[in-house]
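Student: For reference, the chains in residue letters:
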Amino acid sequence: MAIWCRVSSRTIANANHMRKRMNQGFAVDVNRASGFSSASNRGRPLFSDGNRRHLNSLPWNRATLVWFQRFKSTLAEKQQDPFLSSDSDEDHQSLEFPGGKVSYTSEMNFISESSQTRVPCYRVLDDDGELIPDSHFQQVSEEVAVKMYSKMVSLQIMDTIFYEAQRQGRISFYLTSAGEEAINIASAAALSEQDIILPQYREPGVLLWRGFTLQEFADQCFGNKADYGKGRQMPIHYGSKKHNFFTISSPIATQLPQAAGIAYSLKMDNKKACVVSYIGDGGTSEGDFHAGLNFAAVMEAPVIFFCRNNGWAISTNVSEQFRSDGIVVKGRAYGIRSIRVDGNDALAVYTAVSAAREMAVNEHRPILIEALTYRVGHHSTSDDSTKYRKLDEIVYWKNARNPVNRFRNWVQSNGWWSEQQETQLRNRVRKQLLEAIQVAEKAEKPPLAEMFRDVYDYPPSNLEEQEKYLRETISRHPIDYPADIPV
Amino acid sequence: MLGVVRKKMLGQSLLKIRPAVSMLRSYSSAAKQMTVRDALNSALDEEMSADQKVFLMGEEVGEYQGAYKISKGLLEKYGPERVLDTPITEAGFAGIAVGAAYHGLKPVVEFMTFNFSMQAIDHIINSAAKSNYMSAGQMSVPIVFRGPNGAAAGVGAQHSQCYAAWYASCPGLKVLTPYSSEDARGLLKAAIRDPDPVVFLENELLYGESFSVSDEVLDSSFCLPIGKAKIERVGRDVTITAFSKMVGHALKAAEILEKDGIDAEVINLRSIRPLDRSTINASVRKTNRLITVEEGFPQHGVGAEICASVVEESFAYLDAPVERIAGADVPMPYAANLERLAVPQVEDIVRAVKRACYRSVPLAAAA
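So the protein sequences, as listed, match chains B and W.
Under the UniProt record's numbering, the first residue of the first sequence is numbered 1, with each subsequent residue one higher.
Under the UniProt record's numbering, the first residue of the second sequence is numbered 1, with each subsequent residue one higher.
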């Protein structure tokens with residue numbers, strides 16, 4: 001190292017001049033460079049590939065300068081070298097690495113862990129449901145707006161009544177979507193019937209929009225004979241092939257890589273449809289989130305990843321879930337176009353999902369939407385969230401930031417809704433739902449034969465034997481198996 | 001009369017020893033030789049050609065021609081849309097493949113070894129195996145998970161575990177374990193055509209082994225039924241059940257035993273789930289003695305299930321206690337001498353059979 005102190009100032013000036021010339025990009029031939037050596041450099045390569053910073057630390061002397069001058073004449077020949085760019089003067093600071101060209105800098109700077117300002121959130125209606133002036137949004141017709149609003153109300157009522165039913169011991173479990181009605185309904189409204197839904201579990205509104213009846217919901221919750229799931233799953237694990245709504249599965253985030261796979265399949269079939277997969281803020285911590293988004297980007301799959309950031313994953317607040325600026329910033333890490341939207345603004349959600357769908361289907365790319373919202377209800381009937389958060393926080397979001405009220409104000413301000421219609425709707429839905437529950441409760445449970453079906457496509461002999469054995473046992477011990485249990 | 005064709009033992013190394021060829025079924029003459037690797041490759045090729053929905057995905061299956069060259073030539077023939085090189089995320093690509101299967105494609109997912117399938121096991125069990133049942137038939141999963149399983153040679157604990165027992169305990173999955181090239185071709189074709197999720201456990205050391213195959217096996221419509229075991233060697237005195245590499249060991253043990261006047265019947269299970277209990281029990285009812293052989297860990301192994309099944313169904317026919325031979329109850333050691341001790345050898349099978357035939361003192365008494 002001592003040798004560098006001996007470099008004269010004149011040599012340094014010349015060296016800088018040479019460095020600029022060198023930077024015009026010609027190959028540094030390591031073999032050639034090793035031909036020149038001073039005692040200090042013997043055996044050490046003068047240059048590493050493309051790293052011209054070493055030029056600063058060279059022991060400059062006359063021989064060096066002469067050598068460099070000779071080197072200039074080989075400029076043309078070296079331009080073929082694929083490891084250097086020599087396209088234009090502007091490019092003189094860039095390098096080629098696997099993965100493409102990248103410019104370099106001699107100033108060492110770490111990218112900050114967070115930007116000065118958070119990514120802004122797209123909204124169209126203010127907290128009172130008034131249209132913000134000069135907003136961009138997709139207009140909805142009266143018919144669609146009224147349908148959206150009615151479904152949001154139905155979802156609210158459905159949640160309230162099923163929750164009560166669980167508390168009364170009539171169903172074993174329930175999960176509400178309170179506070180997320182706009183996300184549920186508005187996102188569904190922006191899609192087509194052919195778009196395939198892979199839900200997490202807080203999106204029954206999507207099914208509601210697509211025409212799943214209150215009776216069908218009740219049948220699943222009671223696990224009766226009419227349940228499309230044949231009584232195989234816990235309540236709220238809805239699934240309906242005809243509505244393109246994949247059966248809800250409990251492990252978190254597994255639907256994300258599955259969504260990428262289905263989207264790939266749609267692409268291979270040349271379908272004009274996309275996949276929409278939902279996930280909560282907590283679910284983005286799963287490994288499957290990384291795999292799903294990464295793959296979707298690499299495979300150029302038409303999938304919308306819709307993240308409901310409602311602030312809580314059971315008792316884990318987002319501040320304990322991740323340290324990034326929410327989920328939207330993660331999209332860029334995967335090369336995915338992303339947007340942050342006010343999840344309690346039905347019009348904003350509708351517009352964002354419509355635009356996302358266009359891009360996904362026409363450009364074959366994944367899109368990430370982060371909808372900011374708040375989980376007003378407890379995580380489920382197995383949870384009491386007042387144990388880990390303040391009651392007034394919950395009450396504030398339930399009242400002052402209510403998405404249903406907000407959208408109603410907008411619909412009403414257009415003259416499309418009235419108080420009278422409100423009362424009629426609520427009464428009608430409530431009545432229908434209570435009837436549906438009564439019917440579902442009284443309905444027969446699935447027969448024994450269903451227990452052994454669908455394990456495989458075709459029942460194997462060992463299961464047939466087991467069923468036969470079970471039936472024999474039942475007939476031999478009628479006292480243990482009362483007659484009202486359907487077989 | 002049926003006999004066993006004796007081949008000269010090459011005796012150089014364990015890997016190069018040829019198995020005895022069974023003459024149980026006499027196909028038409030011109031028997032070709034085919035390695036298990038080629039058998040798998042040809043099966044994949046034919047099924048991909050026959051059905052556009054079949055596609056292959058896994059690490060290194062494309063450009064690299066497959067980590068064990070099983071998918072050689074397929075990328076070139078079918079293109080990157082149908083032979084997908086995946087990033088290193090077993091959980092990721094298993095999930096993606098299940099999604100594709102939900103929508104009607106027929107993925108064949110390769111795990112570089114089944115040891116790595118543990119990183120994807122949630123998708124195999126909770127997304128694939130249970131979906132048809134939990135969705136009440138609305139979501140079927142016609143997927144195949146394949147790759148090498150069990151011990152190789154000198155690869156240590158995290159590359160040597162046998163997963164047959166783990167996967168076979170789960171309802172909703174089918175678990176297949178080919179031994180010969182005929183098995184490899186017939187069972188892989190059956191697996192790809194099957195609408196249920198199939199776990200297809202190959203063996204790295206068998207890839208290079210050659211077996212004769214008849215014209216029937218080479219035909220592109222050839223298929224073996226899932227759930228049927230094959231009697232590799234008919235015998236009278238004792239039933240030896242085995243799968244995958246251990247079938248070769250069992251056949252060699254049978255040759256040795258023949259010299260001592262013990263005529264062993266060797267059953268190649270081929271299918272662990274569903275297990276061919278009727279073939280096994282019929283054999284035990286004939287021979288009255290049972291030895292099960294497997295490479296995997298002894299507790300809750302495949303042998304445990306077979307023994308329980310035989311005790312339940314054919315107890316009165318047993319003339320000797322059932323015995324299980326399994327790998328040592330330790331993570332696989334690396335040192336060659338220790339590795340040899342940790343995996344069943346031919347001599348272990350021979351000794352166990354002799355015990356069952358009361359030709360030597362039972363294990364418990366000897367200890």
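Incorrect hints may have been included.
[Said to hold, decoys possible] Listed below are several chain B residues computed to face chain W (Cβ distance under 8 Å; list not exhaustive): (1) GLY99; (2) SER103; (3) ASP126; (4) ASP128; (5) ARG232; (6) SER249; (7) ILE262; (8) ASN270; (9) LYS272; (10) GLY287; (11) ALA291; (12) SER385.
Please keep in mind that the hints were generated in silico from the structure rather than gathered at the bench.
None of these values were measured; they are calculated from a predicted model.
Ideal placement from N, C-alpha and C gives every residue a C-beta, glycine not left out.
Student: Hey, does the B:SER385 contact hint survive, CB to chain W under 8 Å?
Tutor: The hint is violated - B:SER385 has no Cβ within 8 Å of chain W, the shortest such distance being about 27 Å.
Student: Holds or violated: is the Cβ of B:ILE262 closer than 8 Å to a Cβ in chain W?
Tutor: B:ILE262 check passes; min Cβ-Cβ to chain W is 4 Å, inside 8 Å.
Student: Does the interface hint hold: is B:ASN270 within less than 8 Å of chain W, judged Cβ to Cβ?
Tutor: violated (12 Å)
Student: Holds or violated: B:ASP126 as interface residue toward chain W, Cβ cutoff 8 Å?
Tutor: Violated - the Cβ of B:ASP126 stays beyond 8 Å from chain W, reaching only about 39 Å at its closest.
Student: Could you check if B:SER249 really has its C-beta closer than 8 Å to a C-beta on chain W?
Tutor: holds (7 Å)
Student: Double-check B:ALA291 for me: the hint is only fine if its C-beta lies closer than 8 Å to a C-beta in chain W.
Tutor: holds (3 Å)
Student: Mind checking the CB of B:LYS272 against every CB in chain W and telling me if the closest is under 8 Å?
Tutor: Constraint on B:LYS272 not satisfied, violated at 15 Å.
Student: Let's test the interface hint: is any C-beta of chain W closer than 8 Å to that of B:ARG232?
Tutor: holds (5 Å)
Student: Is the interface hint for B:GLY99 satisfied, with its Cβ closer than 8 Å to some Cβ of chain W?
Tutor: Violated, because the Cβ-Cβ distance from B:GLY99 to chain W comes to roughly 14 Å (cut-off 8 Å).
Student: So, as I understand it, the hint says B:GLY287 touches chain W; can you test that by seeing if any CB pair is closer than 8 Å?
Tutor: Holds: closest Cβ of chain W sits about 6 Å from B:GLY287, inside 8 Å.
Student: Hint B:SER103 vs chain W: min CB-CB distance below 8 Å?
Tutor: violated (26 Å)
Student: Does the interface hint hold: is B:ASP128 within less than 8 Å of chain W, judged Cβ to Cβ?
Tutor: violated (42 Å)
Checked against the numbered hints given earlier, this structure breaks hints 1, 2, 3, 4, 8, 9, 12; the rest are met.
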